[in-house]
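Q: Spelled out from the first residue to the last, the chains are:
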Amino acid sequence: NAGVTQTPKFRVLKTGQSMTLLCAQDMNHEYMYWYRQDPGMGLRLIHYSVGEGTTAKGEVPDGYNVSRLKKQNFLLGLESAAPSQTSVYFCASSYSQGDYNEQFFGPGTRLTVL
Amino acid sequence: AQSVAQPEDQVNVAEGNPLTVKCTYSVSGNPYLFWYVQYPNRGLQFLLKYITGDNLVKGSYGFEAEFNKSQTSFHLKKPSALVSDSALYFCAVRLPGYSSASKIIFGSGTRLSIRP
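Protein sequences, first through last, are from chains H and Y.
For the first sequence, the working numbering assigns the number 114 to the last residue and increments by one with no breaks.
For the second sequence, the working numbering assigns the number 116 to the last residue and increments by one with no breaks.
It should be emphasised that the hints constitute simulated quantities derived from the structure, not laboratory data.
Hints may be right or wrong, so weigh each one.
Stated by the list, open to error - Taking lysine to any residue and the SDA-like style, the derived pairs with C-alpha atoms no more than 20 Å apart in a straight line are:
1. Y:Lys58 - H:Glu102
2. Y:Lys69 - H:Tyr100
3. H:Lys9 - Y:Asn68
4. H:Lys57 - Y:Val11
5. Y:Lys49 - H:His29
6. H:Lys57 - Y:Leu95
7. Y:Lys69 - Y:Ser113
8. Y:Lys49 - H:Ala24
9. Y:Lys49 - H:Tyr95
10. Y:Lys49 - H:Lys9
11. H:Lys9 - Y:Leu95
12. Y:Lys58 - H:Asn101
13. Y:Lys49 - H:Lys57
14. Y:Lys77 - Y:Phe46
15. H:Lys9 - Y:Tyr25
16. H:Lys70 - H:Glu30
17. H:Lys9 - Y:Arg42
18. Y:Lys77 - Y:Val11
Here chain H stands alone, though its shape is the one from the complex (with noise of 0.2 Å):
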């Protein structure tokens, strides 16, 4: 059981360049979700996912995109990267049932946009 993991580990992009941003879970959650973590701030939503096809804005959506084709893959899509977001980017799963579910974490992916 793998639980949450996120592909790839680090990566340093060009302003302007794209990528994307790959978070696979085995554990059967409806939920899923893309944060960034930056120092002294927290973890930020970015989006969200309730289900396979569907996908929500969280806090700092801008210049993010996400697909959730599959329920077990959720992907996070930056088309033109800005040093704006050099960051760490969590995935997280959670049950769907209720509020109350704790969420499960991947190993994070840093971001460096030069």
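Model the placement of chain Y on the given structure of chain H, informed by the hints.
A: For chain Y alone, kept in the frame of chain H given last:
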């Protein structure tokens, strides 16, 4: 505005001593409260949560937290600290009555350092 505060950026404790990591919140209604721990270069791991019932909840690695409704606090505690407890700790609040995941709020984190 609804918010979660972790007033201490860093907490330093000697091994064997009790530790407390503070969390206060400002939300309407009765929230669900969580603590997560993050070790270096790792994702967050769930420690414990308060949903309803007993104000003292117990979690992983010997941690516990006390919900205080009147003070709107949910402080994390451990009777005897270990060096291996050194990590970054996050308090999180999930607002009641919303199924939307956008109503999860994380604190800014507290770095716990346990000295031998």
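Q: Would you mind marking each hint as holding or not holding in the structure?
A: These are the hints, each one checked on the structure:
A threshold of 20 Å between alpha carbons decides the hint, and for Y:Lys58 with H:Glu102 the separation of about 15 Å falls inside it, so the pair holds. Restraint check: the Cα-Cα separation between Y:Lys69 and H:Tyr100 comes to about 17 Å, which is no more than 20 Å; the hinted pair holds. Note on H:Lys9 and Y:Asn68: the hinted pairing is violated, with a Cα-Cα distance of about 39 Å set against a maximum of 20 Å. A distance of roughly 34 Å separates the Cα atoms of H:Lys57 and Y:Val11; the hinted pair therefore is violated under the 20 Å criterion.
Between the alpha carbons of Y:Lys49 and H:His29 the distance comes to roughly 19 Å, so the proposed pair stays at or under 20 Å and holds. A hinted pair counts as satisfied when its Cα atoms are at most 20 Å apart, and H:Lys57 with Y:Leu95 qualifies at roughly 17 Å. Between the alpha carbons of Y:Lys69 and Y:Ser113 the distance comes to roughly 28 Å, so the proposed pair goes past 20 Å and is violated. At most 20 Å may separate the alpha-carbon atoms for a hinted pair to count; Y:Lys49 and H:Ala24 exceed this at roughly 25 Å.
Our distance criterion of 20 Å between C-alpha atoms is met by Y:Lys49 and H:Tyr95, whose separation comes to about 15 Å. Between the alpha carbons of Y:Lys49 and H:Lys9 the distance comes to roughly 29 Å, so the proposed pair goes past 20 Å and is violated. A hinted pair counts as satisfied when its Cα atoms are at most 20 Å apart, and H:Lys9 with Y:Leu95 does not qualify at roughly 31 Å. Taken as a hint, the Y:Lys58 and H:Asn101 pair is honoured in the structure, with Cα atoms around 16 Å apart against an allowance of 20 Å.
Taken as a hint, the Y:Lys49 and H:Lys57 pair is broken in the structure, with Cα atoms around 25 Å apart against an allowance of 20 Å. Distance restraint check for Y:Lys77 and Y:Phe46: the Cα-Cα separation of roughly 15 Å lies within the 20 Å cut-off, and the hinted pair is therefore satisfied. With a CA separation close to 33 Å, the supplied pair H:Lys9 and Y:Tyr25 exceeds the 20 Å bound. Our distance criterion of 20 Å between C-alpha atoms is met by H:Lys70 and H:Glu30, whose separation comes to about 11 Å.
A threshold of 20 Å between alpha carbons decides the hint, and for H:Lys9 with Y:Arg42 the separation of about 11 Å falls inside it, so the pair holds. Straight-line distance between C-alpha atoms of Y:Lys77 and Y:Val11 comes to about 12 Å, which keeps the hinted pair within the 20 Å bound.
Taken one by one, the earlier hints fail for this structure at numbers 3, 4, 7, 8, 10, 11, 13 and 15, listed in ascending order.
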